[in-house]
Amino acid sequence: MADVAVKLGVATQIRLVAQLRWRILRNNLRRKNSRLDLVGLIWAGIFSSALVIGLSFAFCWGTYTSVSNGHFGWLLLLFWSIFLFRQIVPIFIAGFGASFEFRTLLRFPLSLTAFYLVGLAYGFADFPAIASLCWLLAMAAGAGISSPNLLPAVFLILVLFVLMNTTLERLIGSWLERLLARRRTRELIFGFFILLSVSIQFIRPAITHYATGSSPATALRFLPYLSPFPPSLASRALAAAASGQDLSFLLSVAGLVAYIGVFGTLLWLRFAAQYRGEELGEAAAPARVAPRTAVGAEGARDTLRLLSPQVAAVVRKEFRYLSRNGFVLMSLLLPPLLVLLFTSQFGGKHPTVTHRGVSTELFFPGMMGYLILMLMTPAYNCFAYEGRGIQTYFTAPLRFRDVLLGKNLMHAGVLAFEIVPSIIMLALRIGLPSTPVFVATIAAVFFAVTGQFVIADWVSLSFPRKLEFGSMRGQRSSGVSMWIAFGVQILVTGICSLILFAGRWTNSPWLPAEAFIGLAAAAVAGYFAALDALSDVAEKKKEVLIETLCR
Amino acid sequence: MTDAAIVTEKLTRRFGGLLAVDSIDLQVAAGQFFGFLGPNGAGKSTTIKMLTGLLAPTSGRVQLLGLDFSSHAVEVKRQIGVVPEGMGLFERLTGSEYLNFVGRMYGLDRATTRQRCEELLEFMQLADRPKSVIADYSHGMQKKLALAAAVIHGPRILFLDEPFEGVDALAAGALKALLGRMTERGVTIFLTSHVLEIVERLCSHVAIIHKGRLVAQGSLEELRAGTAGEQGRQTTLEEIFLSIVGQDGSGRPQMEELSWLM
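Taken in sequence, the protein lines are chains A and B.
0 is the number of the first residue of the first sequence in numbering that gives the first Met the number 0; add one for each residue after it.
0 is the number of the first residue of the second sequence in numbering that gives the first Met the number 0; add one for each residue after it.
Calculated directly from the structure, the hints in this document are not laboratory data.
Built from N, CA and C at the ideal position, the CB exists for glycine as well.
Errors might be hidden in some of the hints.
[As the list claims (entries may be wrong)] Under 8 Å between C-beta atoms, here's a sample of chain A residues computed to sit facing chain B:
#1 Asn68
#2 Gly72
#3 Phe393
#4 Leu397
#5 Ala426
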């Protein structure tokens with residue numbers, strides 16, 4: 000063979016990769032079901048642009064003011080906020096957003112240097128990178144307007160700051176990629192992340208409760224401890240340039256260069272390991288041969304014997320899927336935790352947000368509404384985790400109503416499992432509302448859940464989206480189903496609020512309870528009446544369903 | 000044919016402007032081991048999906064065991080077993096859980112399901128990984144499990160889409176013996192495979208689909224009789240296949256076009 004592949008330059012390779020990413024995005028948007036996602040993308044683009052442009056003015060003004068008035072402490076705040084944004088947001092994107100597996104490029108004839116540079120170039124192409132670059136340029140403009148002589152020093156600092164940020168972000172990203180490749184680690188990190196996010200919410204109530212008399216000045220005492228870190232170095236370099244302290248400027252710039260060197264070297268080592276063929280996946284270890292066991296006690300008693308075999312089989316399967324899905328399981332911790340948080344923020348004797356606690360007559364229905372809002376959303380994409388198994392439902396001799404019934408029963412079980420402890424917690428921490436409001440709320444829950452199941456089942460059949468088990472990346476339902484879920488929940492919340500307040504306005508405490516009991520009964524009857532129609536919908540939509548979930 | 004297990008009449012499927020399956024008339028007798036062949040993209044999987052209820056035909060009719068599929072879907076499905084393209088497994092269940100699930104979906108009682116599940120796992124040599132979820136199985140193990148699920152309810156017709164792909168020689172031998180015994184007991188097996196040697200060894204009757212149209216159908220002897228082979232040697236199925244599919248020149252890739260690779 001004479002004509003072997005020609006060696007390409009790094010710039011050509013970067014351009015080819017950029018074109019590849021663009022084509023992947025374009026082809027995804029061309030798919031029929033992605034048209035509405037495009038609308039979502041455009042909206043997200045508009046909001047993001049507004050955020051970036053708005054904050055650019057703020058950064059420009061902040062830098063101008065601090066350089067003009069000699070308040071260099073503000074610069075510290077600006078650099079730190081950009082730094083934190085640049086490092087934290089990509090972690091969210093890596094965790095939850097769709098991402099291109101850049102390591103797949105390794106099958107092409109790339110040198111390690113090219114691989115490193117392509118990998119680094121990726122760090123300049125995402126939203127946090129572009130946004131932070133805009134803000135840094137805005138800071139440069141602010142400093143330049145205040146003192147044009149500062150511009151060369153400012154640009155040097157900003158270039159070093161961008162390089163440091165990019166190498167560090169890529170370093171963290173590559174380590175995250177390694178950690179997130181394993182399902183168990185992913186689930187642990189995700190659980191830790193969720194608990195951390197929720198725990199942060201408890202800081203304020205805890206401070207209010209235990210540390211009376213604390214002020215922002217206390218927090219400022221910690222600032223000197225941050226001085227060795229890159230954002231403080233950048234801030235100090237800019238302040239030194241503005242005040243003519245050459246030695247301090249040089250030392251700070253040298254510090255930034257040292258950081259770039261360290262992060263760059265560590266990143267090189269990481270990429271070199273990937274380049275050599277580091278195995279990130281979860282290769283199945285040879286299984287130990289297990290001793291055969293006799294039929295267990297589980298087989299002796301059928302706990303679901305009241306259901307038909309098909310519905311019981313679906314409920315069992317759903318339970319097993321739930322128990323093996325670490326993300327979903329951990330997300331079930333959230334609702335009771337949030338109830339606890341809200342009881343300390345809005346209710347009880349010592350609310351931290353409101354001066355007077357919100358009345359239980361309002362707080363109890365509000366919390367129940369919030370729980371339903373959180374817990375019903377997955378029902379709008381209830382086939383998400385079926386994968387190729389969806390075919391079994393269509394080859395088995397059953398009406399699809401059995402599948403929907405089984406799934407909805409399991410979901411209702413999860414709701415009960417979440418709502419009951421939340422009610423107990425509410426009762427213990429702030430007390431229960433009056434009997435009419437309590438009955439009305441419980442009936443409203445029945446109405447809201449059963450009514451939503453009909454719509455959620457239809458949406459699940461009509462706009463399915465496959466989700467990967469044990470994965471955070473790119474895991475979201477279809478845009479249409481999210482919008483419909485949002486709209487329905489607003490509508491249901493509106494109806495429920497109107498009926499609850501009607502009881503107050505008419506001074507008839509039992510009116511809402513009676514109305515909700517009627518609505519709940521109608522919703523249950525409507526649900527069972529709709530199941531056959533939904534079976535027909537499933538038959539009509541089966542091709543889309545199978546194609547989407549088996550992809 | 001009075002004892003026909005599978006009959007299709009003018010079975011057609013369009014995907015937008017693409018005519019994937021064009022007026023197919025198939026007849027498969029009960030107890031036949033039937034091979035359904037065709038090059039890539041010929042319409043094999045589309046046909047098998049229409050025969051098993053995974054895809055609605057654009058027009059035409061499917062009759063299985065004398066019952067019209069569209070009007071008796073549940074009764075028909077009760078009597079057929081399917082290994083669909085991609086196997087259709089719930090990958091986060093263990094093998095045993097999946098077989099129990101399928102058995103119950105086909106209406107078997109718990110005790111029967113449990114017993115058959117154990118026997119099938121044993122037969123398929125899958126019993127020693129009770130805690131592993133299907134996602135952790137190798138491709139061949141998944142295939143064996145999909146086959147086990149397709150037969151757990153004792154179907155009268157078995158549809159197998161590439162059943163031996165990725166299955167080791169030992170298990171494939173046992174499976175072939177099992178399938179052979181099933182046909183002896185009157186079960187009809189409808190099989191697609193790209194490995195023509197397997198089809199030739201197992202199937203008594205064959206149909207060939209090309210560009211959505213049925214281009215040949217009959218017993219192997221009938222097809223051999225219609226194809227001229229070398230003198231003194233029996234024509235192989237591969238030769239029959241190539242002579243039928245390659246007739247218009249589109250079936251066989253043109254090597255001259257890749258001269259730079261030679």
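Each hint tested on the structure:
1. Interface restraint check for Asn68/A: the shortest CB-CB distance to chain B comes to about 61 Å, outside 8 Å, so the restraint is violated.
2. Checking Gly72/A against chain B by beta carbon gives a least distance of about 54 Å; that is not within 8 Å, so the hint is violated.
3. For the restraint placing Phe393/A at the interface with chain B, the shortest Cβ-Cβ distance is roughly 5 Å, inside the 8 Å limit, so the hint holds.
4. Look at Leu397/A: its Cβ gets to within about 6 Å of chain B, closer than 8 Å, so that hint holds up.
5. A least Cβ separation of about 37 Å between Ala426/A and chain B goes past the 8 Å threshold, and the interface hint is therefore violated.
Violated hints, in rising order: 1, 2, 5; the structure is consistent with all others.
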